[in-house]
Amino acid sequence: MSMSADNNTLRVAILGSCSVLATIPLMAVAPFVSIPPLTNLAIGTLAAGCTSMILTSILRLRGTQSSLRKKQHQLEQEAKALNDHAILSMTDSDTRICYVNQKFLDATGYAPEDVIGKEPVEFYEKKDAAFYTDINKRLRRGESWSGETRMRCKDGSIMYSQTTILPRDDDQGRWQGTIAVRTDTTEMRRAAAAIDTVAALRGLSEPVVMFMPDSLELVFMNRAAKETVGWSGDTYLGKSVSDVPLDLDIDRLRDGLRQLDEPGTEQVVLRFMHMGATFDAGLQMITLQSGERRCFAIFRDMSGEVELARAREEFIATVSHELRTPLTAIKGAMGLLLSGATGTLPDKSRDFVAIAHRNAERLVLIVNDILDLEKIVAGKMEFRREVGDLCEVLIEAKAANQAYADQYGVTVRLEGTDSPALADFDAARILQVITNLLSNACKFSDKGSEVVGAIAVEDEVVKVSIIDNGIGIPEEDLPRMFDRFQQASNADRHHRDSSGLGLSIVKAIVEKHGGTTELSSTLGVGTTVSFSLPRAVNASWPKKLHVVAG
Amino acid sequence: MIKLLHVEDDPDILEIALMALELPGVFEVKQCSDPLEALATAQEFAPDVLLMDLMMPGMSGDVLLSRLRELPGLETTTAIFMTARAQPHEIQSLIEKGAKDVIVKPFDALTLADQVQAIMERP
Numbered sequence: 001m002s003m004s005a006d007n008n009t010l011r012v013a014i015l016g017s018c019s020v021l022a023t024i025p026l027m028a029v030a031p032f033v034s035i036p037p038l039t040n041l042a043i044g045t046l047a048a049g050c051t052s053m054i055l056t057s058i059l060r061l062r063g064t065q066s067s068l069r070k071k072q073h074q075l076e077q078e079a080k081a082l083n084d085h086a087i088l089s090m091t092d093s094d095t096r097i098c099y100v101n102q103k104f105l106d107a108t109g110y111a112p113e114d115v116i117g118k119e120p121v122e123f124y125e126k127k128d129a130a131f132y133t134d135i136n137k138r139l140r141r142g143e144s145w146s147g148e149t150r151m152r153c154k155d156g157s158i159m160y161s162q163t164t165i166l167p168r169d170d171d172q173g174r175w176q177g178t179i180a181v182r183t184d185t186t187e188m189r190r191a192a193a194a195i196d197t198v199a200a201l202r203g204l205s206e207p208v209v210m211f212m213p214d215s216l217e218l219v220f221m222n223r224a225a226k227e228t229v230g231w232s233g234d235t236y237l238g239k240s241v242s243d244v245p246l247d248l249d250i251d252r253l254r255d256g257l258r259q260l261d262e263p264g265t266e267q268v269v270l271r272f273m274h275m276g277a278t279f280d281a282g283l284q285m286i287t288l289q290s291g292e293r294r295c296f297a298i299f300r301d302m303s304g305e306v307e308l309a310r311a312r313e314e315f316i317a318t319v320s321h322e323l324r325t326p327l328t329a330i331k332g333a334m335g336l337l338l339s340g341a342t343g344t345l346p347d348k349s350r351d352f353v354a355i356a357h358r359n360a361e362r363l364v365l366i367v368n369d370i371l372d373l374e375k376i377v378a379g380k381m382e383f384r385r386e387v388g389d390l391c392e393v394l395i396e397a398k399a400a401n402q403a404y405a406d407q408y409g410v411t412v413r414l415e416g417t418d419s420p421a422l423a424d425f426d427a428a429r430i431l432q433v434i435t436n437l438l439s440n441a442c443k444f445s446d447k448g449s450e451v452v453g454a455i456a457v458e459d460e461v462v463k464v465s466i467i468d469n470g471i472g473i474p475e476e477d478l479p480r481m482f483d484r485f486q487q488a489s490n491a492d493r494h495h496r497d498s499s500g501l502g503l504s505i506v507k508a509i510v511e512k513h514g515g516t517t518e519l520s521s522t523l524g525v526g527t528t529v530s531f532s533l534p535r536a537v538n539a540s541w542p543k544k545l546h547v548v549a550g
Numbered sequence: 001m002i003k004l005l006h007v008e009d010d011p012d013i014l015e016i017a018l019m020a021l022e023l024p025g026v027f028e029v030k031q032c033s034d035p036l037e038a039l040a041t042a043q044e045f046a047p048d049v050l051l052m053d054l055m056m057p058g059m060s061g062d063v064l065l066s067r068l069r070e071l072p073g074l075e076t077t078t079a080i081f082m083t084a085r086a087q088p089h090e091i092q093s094l095i096e097k098g099a100k101d102v103i104v105k106p107f108d109a110l111t112l113a114d115q116v117q118a119i120m121e122r123p
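Protein sequence lines correspond, in order, to chains A and B.
So for the first sequence, this note's numbering puts the first residue at 1; every next one is plus one.
So for the second sequence, this note's numbering puts the first residue at 1; every next one is plus one.
Simulated from the structure, these hints should not be mistaken for laboratory data.
Keep in mind that the hints are not guaranteed to be accurate.
As the list claims (entries may be wrong) - Straight-line distance between alpha carbons at most 25 Å, and here's what the computed SDA-like set of lysine to any residue pairs gives:
1. B:Lys-30 to A:Gly-340
2. A:Lys-118 to A:Gly-177
3. A:Lys-239 to A:Ile-286
4. B:Lys-97 to A:Arg-310
5. B:Lys-97 to A:Leu-371
6. A:Lys-348 to B:Met-19
7. A:Lys-348 to B:Leu-110
8. B:Lys-30 to A:Gly-177
Stated by the list, open to error - A short, non-exhaustive set of chain A residues, derived as facing chain B with CB atoms under 7 Å:
9. Thr-95
10. Gly-332
11. Leu-336
Every residue, glycine too, gets a C-beta built ideally from N, C-alpha and C.
Based on the provided sequences and hints, a complete structural model is requested.
What follows is the structure in structure tokens.
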């Protein structure tokens, strides 16, 4: 703070050399600056009066000076209190920052030269710029503004502050800029966010446990975690993870924690059993602001997934055994008959046994394909692809499905098979795809209805569509129909006899050919399943396709 | 003649396998449709090779093998399983339980005897 005087004013400056907060006119001094000439008596009288007046004025001036000193002291104290508590900044009449206090520099990390002369909006969050432009308009109208602001600090972090901005004018009421007083509320917000986070964790349905990674001392368990182990309240405090009645091997846990220390490892999942249920514990390490580390464990009950996986495995094993055992007898008997081990067969009989044997081989191939689905998806199955006419396969599939169609009283009609539809494909696999789609269409069609198998040659693909007028698939089931072990919710399993694998096999095989599958359906109207393979042009075609193995 | 004990619960497969194994005339085949029957007769028959189904009612093939191994004279007899449960990990598990190999169903009747002989002769 400083004081200075000239002919007309006594200037009181605070808050640093560049700012002027109070300009006090020296009205009491002005009458003594110019005194007119007078007579002796008058002078004498006047002298006596003047002496009295001067003395009075001097006393009054001294009183004023004393009052000013007190005012100055008070202002100094107020300024110090303000500076110690608040973040202050001032803008000039061009809305450029002309003053910031030390608190401002400490809080934001900027140096004075980073901010002086800049517009405040440069330090606000970009998305808030329009908001601050509006505030500035209010200030120019002489209105003050209070609210929360977000400033970008030098290190890129955001400083939240409770802010009051006042318009600043001179003694003539002219706009001089603004003065902003801020209180940093970032920590308060963080604390509030932390409280919200903890509240959310407490209510989370998944069990969550937090503990110290070295001592394994528990520091947090949410309600779900406590319910899982039969605890309540804060009884976990002071206990160790090893005290928690879970069948979680502590040595494995420590191994997991060590893995978390390895670079690039963000999460480690440990599987363990508890009360007959399978759980996965997802471990993650977090570092607190204090630098201390905590381990978060989020538990997931995996029993459903494990049971599903087990059911799938069991299903595959059952299919494998139940189909392969009779096939062993069929194929073995046919093979022995054909070998002549039971005597020479008449030619006609031998032809029929050969047909039966060949189709038994085809069944073996299909069973193996189902069991190899995992391999297809894993990319470990080989496809013997060559350029051929998809029309031939569609015709073959129709013939192969004739008995099935007859069983359901459905007619199969083909479209677009008059001209070649060339693609690069494994004939046996695509036959399996089309057979699967045709049998599905027949199975879910009404007796007496028609199923259409259509081929369309498009610019870059050949598209095969199997269209039925059957019961259709509910819209909500459509997205998952190509998933394994899925069936439409309206499918009558007892009468429709589906494994739930058909469409996923179709999809896997088509995708291995670089193709795509589509499914559209309207409940009660019918279903269209299509697949598209990349169109091929190959001079080596046409040639005879050998679709049936054996 | 190679003495072969075949244990299989499916009568059709028993019949087909019998014919298939006897085709080349190198095997003397004894068949049992029940694991307990196999346990009762194995020691007396003293087979050179055991050919067993895996999934049988009452006792699975791997349990039968461990019981047969307890009988004098059968501790190291070549054991071959015939099974439709032929996923790689299942085959590996059976070999770890003492089988020399696994023949996958459906087997080829015309080459079954050759397959068994080849497995027996393998070191």
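inquiry  = Check the structure against each numbered hint from earlier and tell me which ones fail, lowest number first.
reply    = 8, 9
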